[in-house]
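Colleague: Each chain is listed here by its residues.
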Amino acid sequence: KQEVTQIPAALSVPEGENLVLNCSFTDSAIYNLQWFRQDPGKGLTSLLLIQSSQREQTSGRLNASLDKSSGRSTLYIAASQPGDSATYLCAVREAYQTGANNLFFGTGTRLTVIP
Amino acid sequence: SAVISQKPSRDICQRGTSLTIQCQVDSQVTMMFWYRQQPGQSLTLIATANQGSEATYESGFVIDKFPISRPNLTFSTLTVSNMSPEDSSIYLCSVFSSHLPSQYFGPGTRLLVL
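Going down the list, the protein sequences come from chains A and B.
Counted from 1, the first sequence has number -1 at position 8 by my numbering; the numbering is strictly sequential.
Each number in my numbering corresponds to the 1-based position in the second sequence with 7 added.
It is possible that some hints are incorrect.
Said to hold, decoys possible - Simulated DEER-style distance windows between Cβ atoms:
| # | chain 1 | residue 1 | chain 2 | residue 2 | range |
| --- | --- | --- | --- | --- | --- |
| 1 | A | 60 | B | 119 | 39 to 49 Å |
| 2 | A | 9 | B | 93 | 21 to 31 Å |
| 3 | A | 58 | B | 17 | 19 to 29 Å |
| 4 | B | 23 | A | 58 | 19 to 29 Å |
| 5 | B | 93 | A | -2 | 19 to 29 Å |
| 6 | A | 52 | B | 91 | 42 to 52 Å |
| 7 | A | -6 | B | 105 | 40 to 50 Å |
| 8 | B | 27 | A | 61 | 25 to 35 Å |
| 9 | B | 72 | A | 50 | 35 to 45 Å |
| 10 | A | 36 | B | 48 | 14 to 24 Å |
By construction, these hints were calculated from the structure, which means they are not laboratory data.
By construction, the Cβ of each residue, glycine as well, lies at the ideal position given by its N, Cα and C atoms.
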């Protein structure tokens, strides 16, 4: 069964710093990988989705990379802001999943950006 | 995109009672899912809600405890039955369809069982 791990579990940085969140997965036969943001008491907001054939995706100050062969993805946040404080979740969709369309989630990294 | 609403947004319930959570999507979608997020944990898929037929449950989840309805392509309900404090979680509705770029999640229902 696919296992998704995120390190670190929590991270505090001063405002303005660049930072990297890590995600690893055990089965490289994935269909895509997605990074989500979750604010306290709220649902998930999709940040970036990387298809298995892609190496990276960028949106504003966010850049996500994917190395499928090594089972790793990183989310790079440039010039962090207090508004970036949230829990960031990584999720992979396995290539052979049909019907159930299941996403396997990591446990998340709780980010705090200190003003 | 898809806009998903859930009712209630939060509730505090007594053990032994049941709570029904509603999920409404602003467009017809092929697939609807229910997830649970226990405190400090990540999301776990409970079941896939199938229109017009019984939901498909993941290992560890049963219909008697989590009955699900899906009467049409935009609406689903999840009932948490005979609740215990261990059921205290956030319950999230999620949808996916071929016309959407990714899977979307509702705002969640925060449940506390005393």
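Colleague: Compare the structure with the hints numbered earlier in the document and write down the numbers of the violated ones, lowest to highest.
Modeller: Going through the list in order, the structure violates hints 2, 3, 4, 7, 8 and respects the others.
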